[in-house]
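Input sequences plus hints: build the corresponding full structure.
Letter by letter, the chains look like this.
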Amino acid sequence: MKSNGISGASPMTWLATAGLIVVVAVPFVFIILQGIFPQLGRGSLAAPLTHLPGLFDDTRLWRMGGNTVLLGLSVAILAALFAIPLALARALFKVPFALFWDVALLVPFMIPPYIATLGWIMTLQPRGYLQQLVGFNLSGFLFSLGGMTFVMALNTFPLVYFALSRTIEAVGSRYADVGRVFGASPWKSFWRITLPLSTPGLVASMLLVFSAAIEEYGTPAALGRRAGFDVLVTEIDLRVSDWPVDLPGASIFSLLLVLLSLAAFLVQRWILNRRSYVTTGSKPQHKEKRPLGKFSLPVLVLFAIVTFLATVLPLFAILSTALSKTISGGLAWNNLGLSNFSSISGNSAGALKALSNSFLLGISASLLTGLLGAVSAYVVVKTRFRGRNILDTMTVLPNALPGVVVAVGLILAWNFPGLPITPYNTPFILLLAYCCILLPQPVRYTTAALHQIGDNLEAAARVCGASAFVAFRRIILPLIAPSLVTSMLLVFAVATRELVASLLVAPVGMQTISVFIWRQFEQGSIGLGMAMAFVTIILTTLLPLCLIALLRRGGMVAE
Amino acid sequence: MTKSFLGAGLAVIASMFAAGTAHADITVYSAGPGSLIEKMAAGYTAKTGHKVEVFQATTGKIMARIEAEAANPVVDVLISASWDTATDFAGRGWLVSYTSPNAEKVPAALKTETAVAQGVSALGIVWNPNSGTPKPAEWEDLAKPEYKDLVNLPDPAQSGASFELVAALQAAKGWDLFKGLHANGAAVAGANAEALNPVLQGAKAAVFGAVDYISLSGKAKGESVEVIFPASGTVVAPRPAMILKWSKQQDEAKQFIDYMLSDEGQKLVADTYLMPARSDVKANRPLMSDLKVMTIDSASVYSKRKETLAEFNGIFKAGQ
Numbered sequence: 001m002k003s004n005g006i007s008g009a010s011p012m013t014w015l016a017t018a019g020l021i022v023v024v025a026v027p028f029v030f031i032i033l034q035g036i037f038p039q040l041g042r043g044s045l046a047a048p049l050t051h052l053p054g055l056f057d058d059t060r061l062w063r064m065g066g067n068t069v070l071l072g073l074s075v076a077i078l079a080a081l082f083a084i085p086l087a088l089a090r091a092l093f094k095v096p097f098a099l100f101w102d103v104a105l106l107v108p109f110m111i112p113p114y115i116a117t118l119g120w121i122m123t124l125q126p127r128g129y130l131q132q133l134v135g136f137n138l139s140g141f142l143f144s145l146g147g148m149t150f151v152m153a154l155n156t157f158p159l160v161y162f163a164l165s166r167t168i169e170a171v172g173s174r175y176a177d178v179g180r181v182f183g184a185s186p187w188k189s190f191w192r193i194t195l196p197l198s199t200p201g202l203v204a205s206m207l208l209v210f211s212a213a214i215e216e217y218g219t220p221a222a223l224g225r226r227a228g229f230d231v232l233v234t235e236i237d238l239r240v241s242d243w244p245v246d247l248p249g250a251s252i253f254s255l256l257l258v259l260l261s262l263a264a265f266l267v268q269r270w271i272l273n274r275r276s277y278v279t280t281g282s283k284p285q286h287k288e289k290r291p292l293g294k295f296s297l298p299v300l301v302l303f304a305i306v307t308f309l310a311t312v313l314p315l316f317a318i319l320s321t322a323l324s325k326t327i328s329g330g331l332a333w334n335n336l337g338l339s340n341f342s343s344i345s346g347n348s349a350g351a352l353k354a355l356s357n358s359f360l361l362g363i364s365a366s367l368l369t370g371l372l373g374a375v376s377a378y379v380v381v382k383t384r385f386r387g388r389n390i391l392d393t394m395t396v397l398p399n400a401l402p403g404v405v406v407a408v409g410l411i412l413a414w415n416f417p418g419l420p421i422t423p424y425n426t427p428f429i430l431l432l433a434y435c436c437i438l439l440p441q442p443v444r445y446t447t448a449a450l451h452q453i454g455d456n457l458e459a460a461a462r463v464c465g466a467s468a469f470v471a472f473r474r475i476i477l478p479l480i481a482p483s484l485v486t487s488m489l490l491v492f493a494v495a496t497r498e499l500v501a502s503l504l505v506a507p508v509g510m511q512t513i514s515v516f517i518w519r520q521f522e523q524g525s526i527g528l529g530m531a532m533a534f535v536t537i538i539l540t541t542l543l544p545l546c547l548i549a550l551l552r553r554g555g556m557v558a559e
Numbered sequence: 001m002t003k004s005f006l007g008a009g010l011a012v013i014a015s016m017f018a019a020g021t022a023h024a025d026i027t028v029y030s031a032g033p034g035s036l037i038e039k040m041a042a043g044y045t046a047k048t049g050h051k052v053e054v055f056q057a058t059t060g061k062i063m064a065r066i067e068a069e070a071a072n073p074v075v076d077v078l079i080s081a082s083w084d085t086a087t088d089f090a091g092r093g094w095l096v097s098y099t100s101p102n103a104e105k106v107p108a109a110l111k112t113e114t115a116v117a118q119g120v121s122a123l124g125i126v127w128n129p130n131s132g133t134p135k136p137a138e139w140e141d142l143a144k145p146e147y148k149d150l151v152n153l154p155d156p157a158q159s160g161a162s163f164e165l166v167a168a169l170q171a172a173k174g175w176d177l178f179k180g181l182h183a184n185g186a187a188v189a190g191a192n193a194e195a196l197n198p199v200l201q202g203a204k205a206a207v208f209g210a211v212d213y214i215s216l217s218g219k220a221k222g223e224s225v226e227v228i229f230p231a232s233g234t235v236v237a238p239r240p241a242m243i244l245k246w247s248k249q250q251d252e253a254k255q256f257i258d259y260m261l262s263d264e265g266q267k268l269v270a271d272t273y274l275m276p277a278r279s280d281v282k283a284n285r286p287l288m289s290d291l292k293v294m295t296i297d298s299a300s301v302y303s304k305r306k307e308t309l310a311e312f313n314g315i316f317k318a319g320q
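Order-wise, the sequence lines are chains G and Z. Just so we're aligned: 185 in the numbering used here is position 185 of the first sequence, and the numbers increase by one with no gaps anywhere. Just so we're aligned: 11 in the numbering used here is position 11 of the second sequence, and the numbers increase by one with no gaps anywhere.
A portion of the hints provided could be inaccurate.
Listed next, the stretches of chain Z that the computed footprint assigns to chain G, with coverage defined by at least 3 CB atoms under 8 Å from CB atoms of chain G [stated by the list, open to error]:
id, region
1, 32-44
2, 208-221
Straight-line Cα separation of at most 30 Å, BS3-like style, residue types lysine-lysine; simulated pairs [said to hold, decoys possible]:
id, chain 1, residue 1, chain 2, residue 2
3, Z, K282, Z, K39
4, G, K94, G, K294
5, Z, K179, Z, K304
6, Z, K282, Z, K292
7, Z, K248, Z, K51
8, Z, K39, Z, K267
9, Z, K221, G, K353
10, Z, K267, Z, K219
11, Z, K267, G, K325
12, G, K353, G, K289
13, Z, K51, Z, K282
14, Z, K51, Z, K179
15, Z, K47, G, K353
16, Z, K51, G, K353
17, Z, K144, Z, K179
18, Z, K47, Z, K105
19, G, K353, Z, K292
20, G, K325, Z, K254
21, Z, K39, Z, K245
22, G, K325, Z, K219
23, Z, K248, Z, K105
24, Z, K282, G, K325
25, Z, K135, Z, K219
26, Z, K51, Z, K292
27, G, K353, Z, K148
28, Z, K267, Z, K144
29, Z, K292, Z, K219
30, Z, K282, Z, K267
31, Z, K292, Z, K267
32, G, K325, Z, K221
33, Z, K306, Z, K47
34, G, K353, Z, K39
35, Z, K135, Z, K148
36, Z, K39, Z, K221
37, G, K325, Z, K248
38, Z, K173, Z, K317
In case anyone wonders, no lab produced these hints; they're calculated from the structure. We put the beta carbon where it would ideally sit given N, CA and C, even for glycine.
Right, dumping it as structure tokens:
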């Protein structure tokens with residue numbers, strides 16, 4: 001889109017710049033410095049670049065880079081295949097029980113990927129729940145690239161589903177109707193009008209899935225290693241957590257990941273910039289949805305199958321494990337017990353404190369990233385600020401940084417000797433880590449929404465005497481609110497369960513939910529870990545739903 | 001809307017600041033089990049009045065944190081799951097020399113000038129009696145056809161103790177043992193807990209060389225597992241506790257070591273099914289004197305770590 005935006009938004013520009021420097025640039029710069037100066041952790045700049053030649057001779061770097069791209073593409077494509085038919089049906093037609101399906105498909109967001117993967121393993125492995133119930137196992141499929149793609153796509157496809165159905169709703173069927181009036185067939189108007197106009201939502205969300213897949217740790221670590229399929233993230237983690245620790249090597253591997261994600265980002269930009277996607281140019285539109293007619297049943301069956309695989313089955317595995325007195329007892333009535341849940345309510349090992357810590361952090365992170373993300377996206381899309389390309393790049397960088405690398409960057413940056421005040425060893429370091437890792441979510445969602453808002457609305461407000469800030473608050477913010485709120489809920493869900501960075505930077509004496517769960521697994525108390533996971537999933541699903549209900553009443557979010 | 005967001009955000013952050021900045025007297029980084037270090041910290045505080053802040057993770061994660069913090073370290077006492085850490089840190093000159101008066105009954109092998117064991121774990125065969133397989137007695141048994149595709153190995157690259165077991169068995173029996181395991185479909189499966197989980201559910205029958213205390217406490221909770229220590233010998237993993245030389249609370253840190261080795265501290269160790277470091281403290285599990293311990297020359301074993309791991313990976317990655 002050619003930017004013919006409104007200049008003079010300088011307070012917002014400053015806010016975006018300052019926020020992005022603190023949240024993204026500082027840890028990133030320290031990772032690059034660590035890549036150059038291997039002794040950085042000890043405060044020394046000695047022997048720069050001495051470790052590089054050995055790394056590039058290593059063929060594993062390239063093989064793992066290739067594996068990472070392959071996995072990312074497979075997951076993005078499979079997630080889109082799951083999501084597109086559902087999103088189209090949801091956005092254009094009156095799907096029976098639509099709200100129920102939305103809630104059910106929200107749940108996979110709330111299931112931490114490492115928990116879902118463990119659930120799948122316990123279901124599909126030999127003598128797993130599937131075999132205990134129906135007599136066969138699918139362990140050969142699970143521990144393969146196909147199984148890994150399947151599990152990861154089921155975990156991430158709601159990203160595409162929600163983004164795409166919102167975008168298509170915003171496009172509405174009105175433009176397609178215009179096409180129909182001019183004589184196009186339903187299919188033709190869909191292919192030529194609705195689909196092209198939905199491209200920003202689809203591409204942005206597939207990019208998010210791709211990025212999430214290439215930086216996901218839990219699933220490749222649990223499934224990929226058995227399949228002999230190594231990716232960059234597992235190697236980075238090995239270099240960081242395998243003594244002797246190789247931080248310089250890890251930062252070089254991370255920079256390769258950054259390049260991959262930047263490439264994906266450039267592809268997205270190229271697609272978005274080819275033409276204008278402005279669809280909101282004047283008064284709000286009526287969104288008329290059509291009845292499904294004879295397709296009701298097939299569409300319902302499709303929703304049911306996907307919901308079963310993405311939501312019901314993982315929840316079943318988690319709950320059965322949590323309710324088992326012993327794992328070796330299996331699915332038997334006499335093995336059923338509530339002891340794991342009573343341990344949690346009895347605050348065993350600090351369970352309740354971990355819950356409240358994570359919820360506070362999740363709420364703070366979603367508020368901060370929502371504010372910073374909306375402002376940054378606005379500055380990038382709607383102003384002519386010279387450095388906006390740099391800001392745009394900074395907002396996408398964290399996509400490429402695995403949690404473990406962000407954590408190391410934050411420690412290097414904020415534990416540097418001589419800082420007068422530092423967030424290190426306080427909960428703020430976790431907040432910074434979550435904000436850095438999750439900032440791309442609000443940015444991507446609001447960018448896609450902003451691309452669809454014509455500049456004339458804001459210009460009209462400015463002509464009528466509103467300041468840049470008032471115009472943003474009164475015109476832009478309400479229009480992007482549905483996308484922004486969706487992305488903030490996503491931030492909340494992911495921040496409350498983030499594992500890898502939390503393990504490394506959690507201040508001493510502080511547990512988050514994921515750290516609690518991980519410690520239970522580490523000590524062989526799988527049931528207690530799964531019980532905590534189940535409680536978390538329920539809470540993180542209910543909390544945003546209540547919030548949405550409240551906001552709807554207040555008219556903040558569109559139906 | 002922006003204003004209310006900002007206001008809410010600031011309020012939340014302010015409340016966290018108030019909650020999270022209690023000052024700690026000493027900071028302990030400890031490898032698992034988490035319940036042990038938490039009880040030990042609570043007991044120490046009750047005894048001495050000094051507060052303890054605990055960071056608990058795997059040895060690897062703790063090392064990463066210490067490495068990243070090296071310019072401005074905060075840890076006073078470190079408890080690792082691998083004796084190699086003590087050797088390595090002593091070599092770097094990072095440790096304080098201290099011999100606790102309570103360390104008198106700790107065998108010489110479990111203490112140096114700068115480190116002393118908190119407790120000891122041993123590696124064994126962890127076997128699920130419900131797996132329909134005969135009870136194994138020796139390491140070689142797991143290469144037999146009865147255990148085809150039913151054995152997990154912890155990854156020696158991720159667990160120091162597993163690495164020492166591989167090195168010791170390779171020295172005693174050669175690589176053929178591991179070639180036999182691979183030919184029999186044994187799988188290398190992550191760190192200790194990852195290797196154990198499939199055995200609990202029955203997907204696998206046994207773990208070749210698992211850390212014993214997790215399975216022993218699982219058995220006490222009613223899980224169907226047994227820990228078998230082969231008569232030909234196994235390796236033990238003493239868990240060294242060290243005081244870091246940059247600690248500004250060395251007296252409190254020394255008192256922590258004293259408490260760890262006191263009757264009370266050693267009982268906490270025994271309660272988590274680890275072997276107490278002190279030979280005069282009882283435990284409800286097999287002790288060092290009940291096991292045949294294979295000794296390794298750690299200097300030469302660790303100097304060949306890369307080669308040993310490469311050889312091991314060569315065997316298990318082949319044909320995958």
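How the hints compare with the structure:
1. 32-44: holds (count 5)
2. 208-221: Held - the region 208-221 of chain Z has 5 residues with a Cβ nearer than 8 Å to chain G, which meets the minimum of three.
3. Z/K282 - Z/K39: Status holds; Cα separation ~19 Å.
4. G/K94 - G/K294: holds, 12 Å
5. Z/K179 - Z/K304: holds, 20 Å
6. Z/K282 - Z/K292: Roughly 19 Å between the alpha carbons, so the hint for Z/K282 and Z/K292 holds.
7. Z/K248 - Z/K51: At roughly 14 Å apart (the allowed maximum being 30 Å), Z/K51 and Z/K248 satisfy the hint.
8. Z/K39 - Z/K267: holds, 11 Å
9. Z/K221 - G/K353: holds, 25 Å
10. Z/K267 - Z/K219: holds, 19 Å
11. Z/K267 - G/K325: Measuring from Cα to Cα gives roughly 27 Å; hence the hint holds.
12. G/K353 - G/K289: Violated - the C-alpha atoms of G/K289 and G/K353 are around 46 Å apart, more than 30 Å.
13. Z/K51 - Z/K282: holds, 28 Å
14. Z/K51 - Z/K179: violated, 51 Å
15. Z/K47 - G/K353: holds, 25 Å
16. Z/K51 - G/K353: Holds, at about 18 Å.
17. Z/K144 - Z/K179: This hinted pair holds, its Cα atoms lying about 12 Å apart.
18. Z/K47 - Z/K105: Distance ~22 Å between Z/K47 and Z/K105 Cα, so the pair holds.
19. G/K353 - Z/K292: Violated, at roughly 44 Å.
20. G/K325 - Z/K254: Violated - the C-alpha atoms of Z/K254 and G/K325 are around 41 Å apart, more than 30 Å.
21. Z/K39 - Z/K245: Given pair Z/K39, Z/K245 holds - Cα atoms ~25 Å apart, limit 30 Å.
22. G/K325 - Z/K219: Within the cut-off at roughly 12 Å; holds.
23. Z/K248 - Z/K105: The given pair, whose Cα atoms are some 29 Å apart, holds under the 30 Å limit.
24. Z/K282 - G/K325: Status holds; Cα separation ~29 Å.
25. Z/K135 - Z/K219: It holds: about 16 Å lies between the C-alpha atoms, which stays within 30 Å.
26. Z/K51 - Z/K292: Between Z/K51 and Z/K292 the Cα gap is close to 40 Å, so the pair fails against 30 Å, i.e. violated.
27. G/K353 - Z/K148: The given pair, whose Cα atoms are some 45 Å apart, is violated under the 30 Å limit.
28. Z/K267 - Z/K144: violated, 40 Å
29. Z/K292 - Z/K219: holds, 22 Å
30. Z/K282 - Z/K267: Given that 30 Å is the threshold and the Cα spacing comes to 8 Å, the pair holds.
31. Z/K292 - Z/K267: holds, 24 Å
32. G/K325 - Z/K221: holds, 9 Å
33. Z/K306 - Z/K47: violated, 44 Å
34. G/K353 - Z/K39: holds, 17 Å
35. Z/K135 - Z/K148: holds, 14 Å
36. Z/K39 - Z/K221: Holds - the C-alpha atoms of Z/K221 and Z/K39 are around 19 Å apart, at most 30 Å.
37. G/K325 - Z/K248: Given that 30 Å is the threshold and the Cα spacing comes to 46 Å, the pair is violated.
38. Z/K173 - Z/K317: OK: Z/K173 and Z/K317 at ~21 Å, within 30 Å.
When the structure is compared with the earlier hints, violations turn up for hints 12, 14, 19, 20, 26, 27, 28, 33 and 37 and for no others.
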